[in-house]
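Kindly generate the complete structure, drawing on both the sequences and the hints.
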Amino acid sequence: MTNSPPDALLALTNVNTFYGQAQVHFDLSISVPRGHIVCLLGGNASGKSTTMKIILGLVKPRSGDVTFDGASLLGLSTPQIVRRGIASVPEARRLFADMSVRENILMGAFVRNDREAIAQDLDKMLTLFPKLGQRLSQRAGSLSGGEQQMVAMARALMSRPRMIVMDEPTMGLSPLYVDRVLELIRTINQEGVSVFMVEQNASLALEIAHEAYVLQTGKIVLSGSARALKDDPRIRDAYLGGSEAA
Amino acid sequence: MSSWLDYTINGLIVGNVYALVAVGLALIFGVSRLINFAQGSIYLVGAYIGWVAVVQLHTPLPLTIIVVAVAAALVGLIIERFGLRPLQNSVRIAPLLATIGISFVLDQLVMLTFSPNPRALPSQLPDVRFQIGGGTIGPLDLLIAGVGITSALLLFVFLRYSKLGWAIRATAQDRDAAMQMGVDVNRVNQAVFGIAAALGGVSGLLVGMYYNQIDTAMSLQATLKGVVAEVVGGAGNVPGAVIGSLLLGLVESYGVAVFGTSYRNLFAFLLLVVVLVLRPNGLFASARQAPPEPLTGTFIAPSRPVRIPRWALLVATGIFAVLPLLPVSFYVLQTLINAWLLGMLALSLTLVAGTIGQVSLGHAALLAIGAYTSALLSLTFSVPVGLAIIGGGLMSAALGTALISPSFRLRGHYVSIATLAIGEIVSLVILNWESVTRGPIGISGIPPLSLAGYELVSPISIYWFSFIVMVVLALLQGRLLGSHLGRSFRAIRDDDIAARAYGLSLNRYKSLAFIFGGFAAGVSGGIAAHLYSYINHETFNTQQSILALTVVILGGLGNVVGAIVGAVALVGLPEVFRIAAEYRILIYGIVLLLLVRFRPQGLLGTM
Ligand SMILES: Nc1ncnc2c1ncn2[C@@H]1O[C@H](COP(=O)(O)OP(=O)(O)OP(=O)(O)O)[C@@H](O)[C@H]1O
Ligand SMILES: [Mg+2]
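Residue numbers (the working numbering), protein chains in the order written: chain A, 1 to 246; chain B, 1 to 607.
Don't read these hints as lab results, they were simulated from the structure.
Do not take every clue at face value.
When the alpha-carbon atoms are kept at most 20 Å apart in a straight line, the in silico SDA-like pairs for lysine to any residue are as follows [unchecked claim]:
1. B:LYS163 with A:GLN80
2. B:LYS163 with A:ALA119
3. B:LYS163 with A:ARG139
4. A:LYS219 with A:ALA22
5. A:LYS131 with A:GLN120
6. B:LYS163 with A:SER137
7. B:LYS163 with A:ASP98
8. B:LYS163 with A:SER100
9. A:LYS60 with B:ASN89
10. B:LYS163 with A:LEU136
11. B:LYS163 with A:ARG83
12. A:LYS131 with A:SER144
13. B:LYS163 with A:GLU103
14. B:LYS163 with A:ALA97
Next up, the structure:
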């Protein structure tokens, strides 16, 4: 049924996705091995965010399968998928702007009921993201972009996920914050959380990823280990092609 | 006799009652971006359940309140589960129309169960009044204030400190993001509908006790007032809804103090229109709040219209044209005359709502303007009836467009609210402008239809007259839709931002649509006036606006032939099946619900 390696935590197999008549994915197959950082690269409108939505169950594919830890996610609703252990850092952060930073972070623990452990995890987030300490009671919408990214990541971690999916986590951040975010992703990963991230900035993403896929107008045109892809001239070509087609 | 303090107290008490309705509306709007037009029906149900509890079961007051809250909450849960949840993935207009259908069904069920006659709802509280300052206050006032404040506090604590409350707030701010936190949006919707319904039901109970009277007309009034308060406070803003309600209560109360009772509602709707035009996000909105939803594009179900061959249309027209010559009964002609009049209104509405995407809920106002103009022209100025009807059409076109034009920058639900309010305002102006409209007495002795000096009194001549007028209007409209202008209309409906980017002036096109539509509706109203020979401010009411909307959806939004088919079906089928008059509105409500659920593109498809 699936030809993904047995240690894949998440696997998309031959996924075809449509918005109405328009096809966005063509036989998309991606696998995220346990404990790895996998990066999906691609130009604008290549279908990256839609891949995130497929994983989270916000959009359902017309054909193909999505499995997490061996079990299909297709019949599940988004909240059910989240309860299986997938947390997300959505495109453009999507914080709850009118809620406080503390409430935002705690919303990440919505699926949990262990009050004391949640409180401990909140403290842990404040050591991981020290800047958020003074901002806890501030409206999330009033934070800077970089700070919002920190909140979004802390929020995702609060569910104690087995895997985090991130949509362009470095988008719109200053170089300083970009490095910080990448560093954090690596830290999170070293604590055992698998990461699937969507990026436009290939050179940055390949710094921290184990494997990468390149998506061009809905088709995987290139994939392999990050190390190998880093020096591959075809990455640039795929990109230029991708953005031209968009 | 009453002091200012009394008017202030009265305003605040009534405001408290509105707040119970408006807070529910705000919660629902926050979570699902839906104006729940069934909120007033739940309020009505609450009042009648309260009546049963008090008068038949003799429950003590605290128990009565609990019974009403629980029973109303159940109704809310049922509405959410069976009326709205199945529509989650349909076009944005679907849930709005569904709540309208549900409100018709609930109101009619209450009316059929309890009869439309008003009933007394005693408050069970001692009838004493305490002096405070220059005014007085009674135990019921204190009860209402107490219930209002307690509910607000409970709601605040719930939203702030409970897990479900957090889920509600998160969903209101970003539904997708909330789902990604594991929030089950269905449960959130359920909770919100349950709470809104409980508050609405208790509100109905308290109002019934306050006036010691309940009747089925309460429903629409409550929805309207709740919507006004909610929009004034900023749609979806819960504290805003409370303040908006108190403000509305005070404005009404002072308005009544200065101008008299019949002006109460006029002030409410004027307040609404002013707020919609000047601050559509509400008085307290800050820049960060979402602007009025951009939902023109997916507002109406797209579909491929059913192609009807030209010969079939010609044959059908021919059959209906010669029908009076066949041995058909007087009753059939009468029914079809009504269908043709409704067809003209539907033509107008299908253009405005379907083709250009402005879903009007106050279209009967255009009938009223046409009818009054034509009646007064012929009565007061002895204008020949044929000309007077055309005058009615022109007046409807001009006045209708002028009234709606300040709302042209609104979209989606807000257009519907604005048109609903304008419809009410027209009817209230007719009621209060006695020197011209003869106020509540209405206009009687309107001359019968006539053409070039010949009175049309036989059913056959009236049939032909109305049929021909309708066919001419339909042909003109078909022409219009096929022209460049029609394409521009649809472009605006499908994406007004893109349309503007292409250099289309939205206001001009919307005006043109309302001018044409206003004329058709005005002519229909004019003919009706001369047929009925008597009209008053209630002849053309919201029920007719909704009936017209049902017709238009039944036929397929924007579809000219569909509008006429829909009118014949909705007027004709109840006659064919000999459905008693009191069940008809119920049937219309059910038809609307079934259509929205199973065939949103209507019989012949949207165009
Ligand atoms: N809800 C939707 N309805 C219809 N089409 C959509 C929808 N969402 C995305 N699309 C279309 O699908 C295609 C892929 O969109 P997607 O958001 O997945 O791209 P992306 O790779 O994330 O682009 P970006 O780099 O701009 O974020 C685009 O052409 C987009 O216009
Ligand atoms: Mg994207």
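Checked hints:
For the hint linking LYS163 of chain B to GLN80 of chain A, the alpha-carbon distance of about 17 Å falls within 20 Å, and the restraint holds. Among the hinted pairs, LYS163 of chain B with ALA119 of chain A is consistent with the structure: their alpha-carbon atoms are about 15 Å apart, no more than 20 Å. Between LYS163 of chain B and ARG139 of chain A the CA atoms are separated by roughly 19 Å; this keeps the pair inside 20 Å, and the hint holds. The suggested pairing of LYS219 of chain A with ALA22 of chain A holds, with an alpha-carbon distance near 14 Å, which does not exceed 20 Å.
Straight-line distance between C-alpha atoms of LYS131 of chain A and GLN120 of chain A comes to about 17 Å, which keeps the hinted pair within the 20 Å bound. The hinted pair formed by LYS163 of chain B and SER137 of chain A meets the criterion: a straight-line CA distance of about 18 Å does not exceed 20 Å. With a C-alpha separation of about 16 Å, the suggested pair LYS163 of chain B and ASP98 of chain A falls inside the 20 Å cut-off, and the hint holds. As the CA atoms of LYS163 of chain B and SER100 of chain A are separated by approximately 15 Å, the hinted pair is consistent with the 20 Å bound.
Distance restraint check for LYS60 of chain A and ASN89 of chain B: the Cα-Cα separation of roughly 13 Å lies within the 20 Å cut-off, and the hinted pair is therefore satisfied. Of the pairs offered as hints, the one joining LYS163 of chain B and LEU136 of chain A holds, with about 19 Å between alpha carbons and a cut-off of 20 Å not exceeded. Annotation: proposed proximity of LYS163 of chain B to ARG83 of chain A holds, straight-line Cα distance about 16 Å (limit 20 Å). About 12 Å separates the Cα atoms of LYS131 of chain A and SER144 of chain A, which keeps this hinted pair within 20 Å; it holds.
The hinted pair formed by LYS163 of chain B and GLU103 of chain A meets the criterion: a straight-line CA distance of about 11 Å does not exceed 20 Å. Of the pairs offered as hints, the one joining LYS163 of chain B and ALA97 of chain A holds, with about 18 Å between alpha carbons and a cut-off of 20 Å not exceeded.
The structure shown violates none of the earlier numbered hints.
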